[in-house]
Amino acid sequence: MLSIKNLHVCIDGKEILRGINLDVKAGEVHAIMGPNASGKSTLAQLLAGREIYKVTAGSVHYLGRDLLAMSPERRACEGVFLAFQYPVEIPGVSNALFLKTALNAIRKYHRLPELDAMDFLTLVRERMKRVGMDEALLLRAVNEGFSGGEKKRNEILQLNILQPRLAILDETDSGLDIDALKLVADGVNDMRGADRAIILVTHYQRLLDYIVPDAVHVLSQGCIVKSGGADLAKDLERHGYNWLETGDLIKQIA
Amino acid sequence: MTTTQQLNELINREYQHGFYTQLEADTIPLGLNESTIRLISAKKNEPAFMLEWRLKAYQHWLTLSEPRWANLDWSPIDYQNAYYYSAPKSEKNGPRDLSEIDPELLRTYEKLGIPLKEQKMLAGVAVDAVFDSVSVATTFKQNLSTLGIIFCPFSEAVQKYPDLVKQYLGSVVPYTDNFFASLNAAVFSDGSFCYIPPGVHCPMELSTYFRINAKNTGQFERTLIIADKDAYVSYLEGCTAPMRDEHQLHAAVVELIALEGARIKYATVQNWYPGDKEGKGGIYNFVTKRGDCRGEKSHISWTQVETGSAITWKYPSVILRGNGSVGEFYSVALSNNHQQADTGTKMIHIGRDTKSTVLSKGISAGYGQNTYRGLIKVLSGAENARNYTQCDSLLLGEHCGAHTFPYIEVKNPSAKVEHEASTSRIGEEQLFYCTQRGISPENAVSMIVSGFCKAVFQELPMEFSVEAQKLLGVSLEGSTG
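Residue numbers (the numbering used here), protein chains in the order written: chain Z, 1 to 254; chain X, 1001 to 1481.
Hints in this document: simulated from the structure, not taken from any laboratory. It is possible that some hints are incorrect.
Said to hold, decoys possible - Mimicking DSSO-like on lysine-lysine, the simulated pairs with C-alpha atoms at most 30 Å apart in a straight line are: (1) Z/K129 with X/K1454; (2) X/K1229 with X/K1160; (3) X/K1454 with Z/K108; (4) Z/K5 with Z/K182; (5) Z/K25 with Z/K5.
Keep in mind the model is a prediction, meaning the values are calculated, not measured.
Can you make the complete structure from the sequences, with help from the hints?
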């Protein structure tokens, strides 16, 4: 579904990603782990179409098409979804309106009839129950005054309603207590399916106790330094990221 | 597409009302002197007191110079190179009913979307349309008169209700008030007049639609609204002008008088031609609007959506004279391209237990400069006065500016005055969040701007709310429930 080849990415002339190779197939869940400033969030945002990053080399193909040539809204309509690490506030715009606008924009793109207010409300109420969200949050402005947990759950709600084919979750677990983490994990597991791929970007192994990935990649200084199965995350938890970096260093010296 | 491009696209949408109607016009000679004023007064067949008042205003105006204290920069206005009166010729003798109005004129109004024809009147808006300098049709007059409501062109009021005019004209905005108000008093050619008798709740929104059509004409209209004891009226005003390379002057005066227990709601959607992308042409909008809460527990609110004009200089104010009176000001002002707006309000607390609310939303885009200027003044006798001011600015793009000048003068220790201000920018992050959800950049900007203005739009009557939304290029949320 997603094929990244030798991807190099810069921001303000500084190279953040230095030759990423990654293949994600439909039905798979991949975790991308790594220390702070390793380039995890850059990768997530770049895939979603953030324009502040510049691709200097390499390619990204999504469902066989050049992802990098598409605008962010086109990517969204084609089924690429990013759950933001820091969801943005939009004062005066109700959460319900925002969601309805987004859903209908995507439906329109696929030449589906737009949902009217009643149908939308029925759908959103049912999904909110699933992700354990208070209905009152529908009428509040997008993310305004939401607690950290509410913001993350709001992202999961959007994920659930927009039903993307490729979901990228950027540190959706950070700042959550254990109950909230479980709810978020349930929401993500709910989305697992044969024709959907999920990329979890995370700093900690903790989330992976609840969402068991098919593959784990460790990103360090803009490169994937190690890939493996779910066990890799457990090793990392035990030894810390230094373990890998030291190993990497030894390899380079040897 | 980059964020800047997206914003530019929204900003650079073309002016929709820039057509010009070919009409034969009755125009008096170029320039301004005492005989110009005598000529205007004669054309209007005015009683002596009006001419006398105009001439006094003119003499006073000669002693004044343009106010330059605002955060605005405009090229000098040649007051001698303008026409001070222009009327569509076919209306020379005044309109009698709609069938007698030049069909070309009616088509103009149709293009503007004004429901002028009787069958469209069922919508419930009574319209007094001012085309250049004269009032062409006042609809629904009959229905209103059964309630004792007077709603007519100013020139008609001067003929039919001279005592009311004499009593109230200039009582809120005297001809000495400021340069532009003096000029208006001297040369104003028409406008709207409205009187709501005691205890009458006006059953429909009253509306005036202004349009500047002729070249090189200034529009100087004057609106006078009196709500007698316990009366209620909601009044709407809309404006457009054709596209021209020259600047055109608009110097209007609006006076509102609310007697005991009366309430006046006055809403404006101002969409005068703003000039082109390089700042060429556009209306100079120098307007004096003031309301007087003369009676106890009276209530005046101003709501304005200012999207047009090259220069906007406008401070709708309320004098809170009656004890327990309430003044409100809700404003959305958008300046894009090279537009400049210096707008705000004055709330003058004189009576006890008076209350005022100010909510200002300024949006700057392109090279636009948007200034909020507000005065909250609490006099020594205004025991227990309250004011709450919130003024927010939204910036779109890199070259625009937002400025806030709040003035607060409090002479009574029991007063409570609050001021809150914020400035934000539609960030690349906010836009990305929307586009990542599949929303087009254009709709995203509209949605964000609409959200920003929501609290003010809620104050507008439904019909205008829709127009305001369109003007800002946004679709209103909440209408689908």
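Status of the hints after comparison with the structure:
no.: 1; hint: Z/K129 with X/K1454; in the structure: holds, 29 Å
no.: 2; hint: X/K1229 with X/K1160; in the structure: holds, 22 Å
no.: 3; hint: X/K1454 with Z/K108; in the structure: holds, 26 Å
no.: 4; hint: Z/K5 with Z/K182; in the structure: violated, 34 Å
no.: 5; hint: Z/K25 with Z/K5; in the structure: holds, 14 Å
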